[in-house]
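J.: Below, each chain spelled out in residue letters.
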Amino acid sequence: MKQYAFLLFIVCTALFFFACSKSDEYRLSGSVFIPDEDFPELPKYSEWGYNTFGAYIDRTPFVSDNYTMPVKIIVESDTCRIGFSGKMGTLTFHLPDFVPENYSDLLALNGKSYPLIQSSCMVTFTNNEETDTLNITEGTLTFKRVQKLLVDKKEMKSVLSGTFSMKTSINGEPVSIGNGRFDVTVGEINFFKNE
Amino acid sequence: MKKLIWMSIFSVVISGAYAQKTSNFKIGVEFGQGSVEGDYSDKWNIRQDLITSLYDHGLFSSRAAYAQSDFFYWGIKPQVSLWNDRVNLYSGLRFTMFDSNLGDRNGTNFFYLRTTNPDAVEFYKIFLIKEETAYLSVPLEMSYTIFHSNILTPNITVSFYGKAGMEIGLSIFSKRNVNFVSTTMQSHEHEVLNSVEQPNKLYSTLYGALGGQLTIGNGIQFNVEGIIPSQILTKNHNSIIEPDTFSGVQLSVQFPLSMFIKNN
Chain A
1 MKQYAFLLFI
11 VCTALFFFAC
21 SKSDEYRLSG
31 SVFIPDEDFP
41 ELPKYSEWGY
51 NTFGAYIDRT
61 PFVSDNYTMP
71 VKIIVESDTC
81 RIGFSGKMGT
91 LTFHLPDFVP
101 ENYSDLLALN
111 GKSYPLIQSS
121 CMVTFTNNEE
131 TDTLNITEGT
141 LTFKRVQKLL
151 VDKKEMKSVL
161 SGTFSMKTSI
171 NGEPVSIGNG
181 RFDVTVGEIN
191 FFKNE
Chain B
1 MKKLIWMSIF
11 SVVISGAYAQ
21 KTSNFKIGVE
31 FGQGSVEGDY
41 SDKWNIRQDL
51 ITSLYDHGLF
61 SSRAAYAQSD
71 FFYWGIKPQV
81 SLWNDRVNLY
91 SGLRFTMFDS
101 NLGDRNGTNF
111 FYLRTTNPDA
121 VEFYKIFLIK
131 EETAYLSVPL
141 EMSYTIFHSN
151 ILTPNITVSF
161 YGKAGMEIGL
171 SIFSKRNVNF
181 VSTTMQSHEH
191 EVLNSVEQPN
201 KLYSTLYGAL
211 GGQLTIGNGI
221 QFNVEGIIPS
231 QILTKNHNSI
241 IEPDTFSGVQ
251 LSVQFPLSMF
261 IKNN
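Each protein sequence line maps, in turn, to chains A and B. Position 178 of the first sequence, counted from 1, bears residue number 178 in this note's numbering, the numbering being contiguous throughout. Position 220 of the second sequence, counted from 1, bears residue number 220 in this note's numbering, the numbering being contiguous throughout.
Calculated from the structure, these hints are not laboratory results. Just so we're clear, the structure is a prediction, and the values are computed from it rather than from any experiment. Backbone N, C-alpha and C define an ideal beta-carbon position, used for all residues, glycine too. Any given hint might turn out to be false.
[Unchecked claim] Below are the SDA-like pairs computed for lysine to any residue, each with C-alpha atoms no more than 25 Å apart in a straight line:
1. A:K154 / B:S187
2. B:K125 / A:N179
3. A:K153 / B:N117
[What the hints assert, rightly or not] Here chain B is said to cover these stretches of chain A; the calculated rule only asks that three of the stretch's residues, wherever they fall, bring their Cβ under 8 Å from a Cβ of chain B:
4. 38-49
5. 58-65
6. 148-162
Use the sequences and the hints to build the structure in full.
T.: Below you can see the structure in the form of structure tokens.
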């Protein structure tokens with residue numbers, strides 16, 4: 001009987017500590033939307049890992065919400081896809097020749113800028129399971145800061161912060177995607193490597 | 001010239017009061033407590049997590065981190081009554097202690113951002129940041145009796161009054177500490193505390209109160225007051241909370257000075 005009580009105590013203690021660390025993961029994955037002073041429908045630009053993004057598609061705000069994972073990183077054999085998802089759909093940037101092994105390797109993007117006009121850097125928009133490749137006439141994706149996220153000296157995630165804008169056409173109609181900004185965390189739960 | 005004018009006014013008041021009965025002079029003690037309304041100071045770099053709630057559309061969400069500041073005070077209070085006890089002037093010496101906390105509404109930890117690491121977003125998990133500050137101040141108050149009546153017995157007077165006052169003082173004690181989630185992080189306490197300046201040593205308030213008073217036959221007065229939402233005038237008196245207003249309650253007892261002076 002004493003042995004079972006001791007075993008139960010060990011299991012409960014292990015579950016307690018497991019729950020605590022998972023609680024940090026959960027809280028740091030949550031979105032904190034602080035309205036931009038000039039564009040209150042968009043989140044204020046930050047570099048804290050607030051898990052938000054936003055842009056105007058013409059005059060319609062395309063922003064992250066509290067229910068959808070704001071970003072997913074999907075790594076394939078020769079491309080890294082960065083997909084920002086909100087209620088309207090998913091905007092995905094396909095970065096060529098960038099194959100990180102894990103979320104820590106994303107630090108290599110720090111300070112990098114990708115001209116979107118080049119055909120090698122593809123941008124797609126997915127809505128209602130339909131994916132369109134955007135024909136970009138001008139635009140840039142900039143990773144202003146990519147850094148580690150540490151909690152009590154322990155590395156937990158990577159933080160990607162930056163801006164984007166572009167001019168394109170959707171269903172033959174010219175569209176401007178402007179004032180784009182993102183501040184997202186990437187960890188084990190949203191980093192996918194396809195072998 | 002200004003000093004001369006103020007001294008003249010003060011002399012007239014004191015002379016006028018002295019010309020009246022010595023029972024118009026009283027000495028007493030006061031005790032009060034209350035709380036400060038406000039939000040935590042944004043000088044602390046805290047990740048602004050929101051509380052999850054049933055109303056999860058952002059309409060009713062609030063920040064998980066919160067600040068709370070309570071105070072208590074006690075003092076010695078000389079009093080001069082004028083114009084048939086209609087108007088009362090108070091001063092004295094007051095000791096006030098503020099106890100302020102910055103914590104998480106869910107009772108867990110909040111994430112404090114360490115700004116001295118340029119290469120990473122680095123958070124410390126903190127349960128509580130606590131600050132205790134004590135002030136010694138001189139209050140100046142004036143009350144006006146709105147209503148009084150010998151409603152219970154001829155020897156007992158019940159009064160209601162309104163009061164306005166201000167105080168000015170200096171900090172005599174200030175202490176801050178940080179409770180980290182992990183005891184191994186406690187060595188970083190000074191780093192966290194040094195990121196925000198110490199509270200202002202000067203302290204000044206402007207306040208009002210409404211009170212009830214019971215005066216018994218020998219002149220002893222018992223007072224109960226409610227401090228209406230009032231203002232702390234000095235900036236940065238507290239590093240935890242950005243104060244909007246403060247309010248509270250006060251109890252005091254006033255004894256006629258004639259009780260302590262022998263009549264020959």
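J.: Of the numbered hints stated previously, which ones are contradicted by the structure, given in increasing order?
T.: Violated hints: 2 and 5; rest satisfied.
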